[in-house]
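S.K.: Using the sequences and the accompanying hints, generate a full structural model.
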Amino acid sequence: MSTPATQTDTATTGRIGDSPLRPDGVQKVTGEFAYSSDLWLDDMIWGATLRSPHPHARIRSIDIGAAMATAGVHTVLTADDVPGRNRVGLEHDDQPALADGIVRYQGEPVAIVAADHPEVARQAAKKIVVDYEVLPAVTEGRAALDPTAPLVHPDGNLVRHLRIRKGGTVPDSAPVVVSLDFEVGMQDQAFLGPESGLAVPAEDGGVELYVATQWLHVDQRQICQALALPPEKVRLTLAGVGGAFGGREDLSMHVHACLLAMHTNRPVKMVYNREESFFGHVHRHPASMRYEFGADEDGRLRYGKAEIVFDGGAYASSTGAVVGNGGTMGLGPYRFPVVHVDCFGVYTNNPPCGAMRGFGCVQAAFAHEALMDELADRVGVDRIAIRQLNGMREGDENITGQLIDSAAPVGELLQIVNDLPLPPAPTGTRDLRDLPGGVANTTHGEGVVRGVGYAVTYKNVGFSEGFDDYSTARVRLEITAGEPVVTVHTAAAEVGQGLITVEQQICRTELGVERVVVHAKDTQVGSGGSTSASRQTYVTGGAVKAACEAVRTAILERAAAAARTPVAGLRLDGGKIVSSSGEVVAALADLLGAEAIEETVEWRHRPTSRIDPETGQGDAHVQYAFSAHRAVVDVDIELGLVKVVALDTAQDVGKAINPAAVMGQIQGGSAQGMGLALMEEIIVQDGIIRNPSFTDYLIPTILDMPPMKIEVLEYADPHAPYGVRGVGEPPTISSGPAVAAAIRQATGLALRRVPVRPEHITGTL
Amino acid sequence: MRITTTVNGESRQVDDVWPGESLLYVLRERMGLPGSKNACEQGECGSCTVYLDNVPVCACLVAAGQAQDRDITTVEGLADGEDLHPVQQCFVEAGAVQCGFCTPGLIVAAHDLLAREPQPSDPEIREALAGNLCRCTGYEKILDAVRLAADRMATT
Chain A
15 MSTPATQTDT ATTGRIGDSP LRPDGVQKVT GEFAYSSDLW LDDMIWGATL RSPHPHARIR
75 SIDIGAAMAT AGVHTVLTAD DVPGRNRVGL EHDDQPALAD GIVRYQGEPV AIVAADHPEV
135 ARQAAKKIVV DYEVLPAVTE GRAALDPTAP LVHPDGNLVR HLRIRKGGTV PDSAPVVVSL
195 DFEVGMQDQA FLGPESGLAV PAEDGGVELY VATQWLHVDQ RQICQALALP PEKVRLTLAG
255 VGGAFGGRED LSMHVHACLL AMHTNRPVKM VYNREESFFG HVHRHPASMR YEFGADEDGR
315 LRYGKAEIVF DGGAYASSTG AVVGNGGTMG LGPYRFPVVH VDCFGVYTNN PPCGAMRGFG
375 CVQAAFAHEA LMDELADRVG VDRIAIRQLN GMREGDENIT GQLIDSAAPV GELLQIVNDL
435 PLPPAPTGTR DLRDLPGGVA NTTHGEGVVR GVGYAVTYKN VGFSEGFDDY STARVRLEIT
495 AGEPVVTVHT AAAEVGQGLI TVEQQICRTE LGVERVVVHA KDTQVGSGGS TSASRQTYVT
555 GGAVKAACEA VRTAILERAA AAARTPVAGL RLDGGKIVSS SGEVVAALAD LLGAEAIEET
615 VEWRHRPTSR IDPETGQGDA HVQYAFSAHR AVVDVDIELG LVKVVALDTA QDVGKAINPA
675 AVMGQIQGGS AQGMGLALME EIIVQDGIIR NPSFTDYLIP TILDMPPMKI EVLEYADPHA
735 PYGVRGVGEP PTISSGPAVA AAIRQATGLA LRRVPVRPEH ITGTL
Chain B
43 MRITTTVNGE SRQVDDVWPG ESLLYVLRER MGLPGSKNAC EQGECGSCTV YLDNVPVCAC
103 LVAAGQAQDR DITTVEGLAD GEDLHPVQQC FVEAGAVQCG FCTPGLIVAA HDLLAREPQP
163 SDPEIREALA GNLCRCTGYE KILDAVRLAA DRMATT
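Chains as they are written, first to last, in this note's numbering: chain A, 15 to 779; chain B, 43 to 198.
By construction, these hints were calculated from the structure, which means they are not laboratory data.
With the Cβ distance kept under 8 Å, some of the chain B side facing chain A (calculated, not the full set):
# : residue
1 : Gln-84
2 : Glu-86
3 : Ser-89
4 : Glu-118
5 : Ala-121
6 : Leu-126
7 : Phe-133
8 : Leu-175
A quick note: this is a predicted structure, and the numbers were derived from the prediction, not measured. Cβ atoms here follow ideal geometry from the backbone N, Cα and C, with glycine treated the same way.
M.R.: Here is the structure:
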């Protein structure tokens with residue numbers, strides 16, 4: 015158990031618990047902030063990618079002659095030009111950087127071009143002649159498990175099968191049995207900043223890559239393998255990141271830009287357009303789920319059964335870990351004496367799927383929350399009560415037998431959202447903008463019915479199942495122009511969530527120094543781990559805190575020696591060393607002079623363990639975060655249009671390091687969950703993406719988002735730095751199921767698929 | 043081709059423009075003004091919003107040649123030297139910026155709204171900004187920022 019070294023009386027502002035402004039905010043509102051697509055060098059050229067038009071095909075030949083002969087083209091490269099092992103991948107290196115012999119999804123990179131102008135590069139790419147032999151494709155998750163299905167990879171179509179067995183055999187019957195099938199469509203992260211970066215060849219034969227990513231070091235490892243270069247010759251720096259949400263955990267243009275730069279000896283910039291972006295990153299797994307819960311007459315759960323199939327698409331990406339999450343948390347934050355879960359991740363010839371905010375829990379939550387509503391209705395209790403009756407509590411075991419050893423306020427979160435005031439019932443003439451269909455003027459209120467829905471979730475924080483999940487922080491304290499300045503250096507990616515602000519706050523808190531400079535994020539310091547799994551405030555925050563403590567120890571010992579006073583009771587505040595009675599012992603400026611104190615710390619959270627392959631039992635996760643939502647919707651039942659009127663939520667964040675940023679995460683995360691319930695789906699037919707644009711793939715606008723009431727609980731996790739609990743993902747998990755439940759309540763329809771489309775409501779499908 | 047325009051009050055001339063280029067490309071890649079963003083380049087997201095003769099447009103949908111002899115203001119031209127415009131200042135203060143990729147377009151759109159309607163209602167704000175996608179914030183703090191800017195501009 016860690017003891018927060020928090021001070022109460024302080025001269026230093028912008029510490030943890032405050033909401034200081036983002037250090038990059040001014041640059042972002044003036045247009046000066048350099049995103050990965052903004053980079054520019056005098057002699058740079060542009061890269062473009064030729065992608066497969068087929069979901070599954072053998073490449074008979076590639077003719078690059080016409081492309082190479084195009085004026086302004088510098089080079090054209092294929093798999094033959096990859097010097098190292100032509101395989102990349104997060105968990106399994108099963109994906110060629112450039113297709114070698116077989117393409118396994120529409121959009122797979124086949125060749126790359128460098129030219130003077132981006133349009134010349136794109137036009138030249140179209141002149142590459144690829145002779146394909148089209149192969150039979152498997153384009154549906156469950157079908158991929160059929161023994162007669164076409165094989166996507168030689169070893170079969172199964173990526174992972176997770177079994178969870180607990181409490182003995184599932185009973186043949188129970189007083190109340192409810193079941194359902196549920197399907198979730200493929201969601202896109204739809205970050206606004208497209209995949210992009212600048213690769214610069216280096217004089218030592220290596221390459222510098224400036225790129226938008228979530229995890230510099232895992233990128234570096236894969237690039238090194240493909241380029242056959244040691245890590246010291248592949249140097250990455252984080253460029254400005256225009257959102258991520260999981261979609262930047264895998265490589266996109268990284269290897270391609272480096273290859274082009276090294277072949278041409280010129281800096282190469284690559285920027286995807288929106289259409290290419292839909293092919294350039296993994297998506298959220300579509301899921302096909304079958305659930306059955308058995309309960310007593312009063313609704314108390316006796317058993318939970320689930321079979322979940324995640325369509326992983328053509329390459330593994332993080333499918334294995336998504337299966338881990340979908341399985342281990344697949345029944346939701348409830349108490350089950352008997353558990354029988356099978357969770358599958360499969361290869362298909364669909365676009366690869368991998369990480370997206372909520373990571374396996376999002377899909378399952380739609381199913382278990384729909385089933386809890388069904389159970390409530392069958393038993394005849396309300397939907398809050400059924401969840402409070404069965405909700406997980408601190409001290410419970412979850413379905414993998416792991417002890418929930420910090421707060422698990424399922425019942426309280428539901429009570430909070432239930433007690434929040436509801437929006438007033440509509441009366442009189444309504445503003446069109448408040449109605450389903452909006453200013454399209456499709457209704458003035460006729461045919462519109464209101465519904466209310468609830469959902470609750472829990473989500474693991476950090477990497478799981480025995481993964482060595484750590485972060486590294488280097489903290490330096492020195493005197494610059496007479497003032498103490500702290501520099502914090504981590505490789506942990508800032509993607510918009512505000513980690514850089516949190517790093518500053520922790521340094522100010524621990525070192526009592528106002529001015530904290532956040533060093534550029536790069537591979538010149540050890541790995542920060544991934545900006546995913548809601549983990550950076552916890553893990554990189556923990557590393558920064560530990561590095562600060564090491565710096566502080568060194569300074570206080572020095573101060574104690576100089577002042578011939580015991581070190582105990584000394585603290586840092588306002589750039590000074592202060593005694594326990596508040597007297598100034600020394601100013602940092604005097605104590606340090608021209609010397610700097612620097613410490614680098616690699617920090618780990620408490621270990622997790624692998625789960626048993628037969629039973630799924632084990633302490634898979636380091637921490638759980640809980641949230642609940644209540645959605646209120648108006649549904650035009652004649653046209654099938656939905657307006658979300660309110661989306662209220664309560665969440666336990668452990669400790670809000672930056673309360674304003676916490677609210678921003680909850681608001682933004684809720685919007686993404688709502689989007690999946692209502693509108694967001696990549697339509698894939700026979701392996702072909704039908705809507706790769708923001709014209710046809712819709713995300714919520716400011717007109718779609720309702721006002722939100724948000725209640726934040728702070729039940730410190732005694733195992734985590736400052737008691738923090740990951741924040742970013744739970745809102746994306748519980749918001750969507752609440753919206754779907756509200757539509758079901760309004761319409762009386764079963765609605766076993768999301769996104770809910772108008773034709774599902776009107777029955778015209 | 044050669045394009046001559048006024049950008050942020052300065053006369054600018056660029057040569058060798060390929061006629062297929064958009065105003066967005068010329069601003070970003072030829073004039074060194076990457077503040078206007080390239081989120082969709084399809085006119086759907088609003089991240090490239092600039093003023094063209096005082097009318098907000100998606101720069102990605104304006105052909106470079108259409109900018110000839112026109113007056114353009116980008117997000118880079120809204121601050122008064124080091125002093126941020128109140129809309130910019132309020133976006134920072136309200137926490138309306140996360141990744142920030144939508145921000146330049148939203149700043150221009152909100153700037154335009156407040157010039158037309160200094161005290162907009164919430165539905166008016168929502169309608170005015172409905173063409174600007176944001177993926178990070180859920181828009182709540184963007185509404186806060188615009189309300190704050192309206193208040194601040196009314197009292198100064």
